[in-house]
Amino acid sequence: MDINEKLDLLKKIQRVDAPPFLFTRILSRIGANATVKVSASWKISFVAAGIVLLGLNLAIILRSSEPQTNPGLEAVVSTMELSTSNQLYHE
Amino acid sequence: MKEDPPFESIYHEYKNLVFNVSLHYVLNREDAQDVAQEVFVKVYNNLSQFNPETASLKTWIYRITINQSLDSLKSKRTKKRFGFISSLFHADSNEPIAEAALVSHPGIPMEDKEAIEELVKIIYSLPENQKTAIILSKMEDRPQKEVAEIMNTTVKAVESLIQRAKQAIEKERKNREGF
Chain A
2 MDINEKLDLL KKIQRVDAPP FLFTRILSRI GANATVKVSA SWKISFVAAG IVLLGLNLAI
62 ILRSSEPQTN PGLEAVVSTM ELSTSNQLYH E
Chain B
56 MKEDPPFESI YHEYKNLVFN VSLHYVLNRE DAQDVAQEVF VKVYNNLSQF NPETASLKTW
116 IYRITINQSL DSLKSKRTKK RFGFISSLFH ADSNEPIAEA ALVSHPGIPM EDKEAIEELV
176 KIIYSLPENQ KTAIILSKME DRPQKEVAEI MNTTVKAVES LIQRAKQAIE KERKNREGF
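The listed protein sequences derive, respectively, from chains A and B. The opening residue of the first sequence carries number 2 in the working numbering; numbering runs sequentially from there. The opening residue of the second sequence carries number 56 in the working numbering; numbering runs sequentially from there.
These are calculated hints, taken from the structure and not from any lab test. It is possible that some hints are incorrect.
What the hints assert, rightly or not - The list that follows gives simulated cross-link-like pairs (lysine-lysine, BS3-like), each with its CA atoms no further than 30 Å apart: (1) B:Lys168 with A:Lys7; (2) B:Lys97 with A:Lys7; (3) B:Lys226 with A:Lys7; (4) B:Lys176 with A:Lys13; (5) B:Lys229 with A:Lys13; (6) B:Lys221 with B:Lys131; (7) A:Lys44 with B:Lys129.
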C-alpha cells in the first residue's frame, strides 16, 4: 500500500466525545487554584512587615554595639568606693 | 472563584476539539482527559491575555492543546527513564511505567484497528514538529494553510515537514516488516 493511501487510513479515526464529568473536574481545579492564590495586597503587607522587622532588628544591633558610658553612675561608684570587679576580697 | 460565562461557552464549543487532539498525541483516554483539563485551566487563567488580532480563538486553543500534549509526552518519557532507577529502590511499587507503544485510542475503528494502530505508533515516535504536522493535516484533516497558522510557520515548511514525516514513516514501516 502506498504511503498516502496508508495515511488516509488515519481519516477513519472517529471523533470521540469529551467525558461529561470533565467540566466539573476543570471547575474544581480552577476553584482549588483560586483558594491557593494570595492577593497582591497580602503580599505587599507581608513584605512591609518583613522590612519593618528587619529595620527594628538592625537598629537594636547597632545600638547595642555602641559603648555604654554613664558619667553620673561612674561618679556614684567612685564616691562610694564600690567595686566594679567580680573580686569579693580586696587586698 | 470568579464566574466567567464566556469560559463555559468556550468550553462547550471546543471541548471535543481539545479532547480529540490530545487523544491523537497521548493515545489513551485517561491521559487525554488530564491534558484537556490542563488546557482549559490555562485557557481560563490566560483568557484576559488572549489577543484576537494575533490569532483566532480556535488557533490559540489548538496551540495550547498541542503544547500541553507535547509536555505530557515529555513528562511521560522522563518518568519512564527514571522509572527503572526507582524500581530498583522500590521493587514493590505498583506505579505503571509510561508505555509509549501502548495504544488505546477509542476512536480507532475495529475493521482497520491493526493497521491504524501500527501507523499511530510510528507517528508517536516522530520528532515533535513532524508529528504535529501529520496529526493536524491527516488526523484532524485541517488544510495546510491552517496547519501553518497553528504551527506559526509557512505552508512550505508544513509541506516539507509532512514530506519528511512520510519518509520516516515509510522507513520505519519497512524496518518493522523486516526489509
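Structure-based check of all given hints:
1. Distance restraint check for B:Lys168 and A:Lys7: the Cα-Cα separation of roughly 13 Å lies within the 30 Å cut-off, and the hinted pair is therefore satisfied.
2. Between B:Lys97 and A:Lys7 the alpha-carbon distance is near 36 Å, which puts this suggested pair outside the 30 Å criterion.
3. With a C-alpha separation of about 13 Å, the suggested pair B:Lys226 and A:Lys7 falls inside the 30 Å cut-off, and the hint holds.
4. Straight-line distance between C-alpha atoms of B:Lys176 and A:Lys13 comes to about 16 Å, which keeps the hinted pair within the 30 Å bound.
5. Using a Cα cut-off of 30 Å, the hinted pair B:Lys229 and A:Lys13 holds, with the two alpha carbons roughly 23 Å apart.
6. Between B:Lys221 and B:Lys131, the direct Cα distance comes to roughly 25 Å. Compliance with the 30 Å bound is thereby established for this hinted pair.
7. Using a Cα cut-off of 30 Å, the hinted pair A:Lys44 and B:Lys129 is violated, with the two alpha carbons roughly 34 Å apart.
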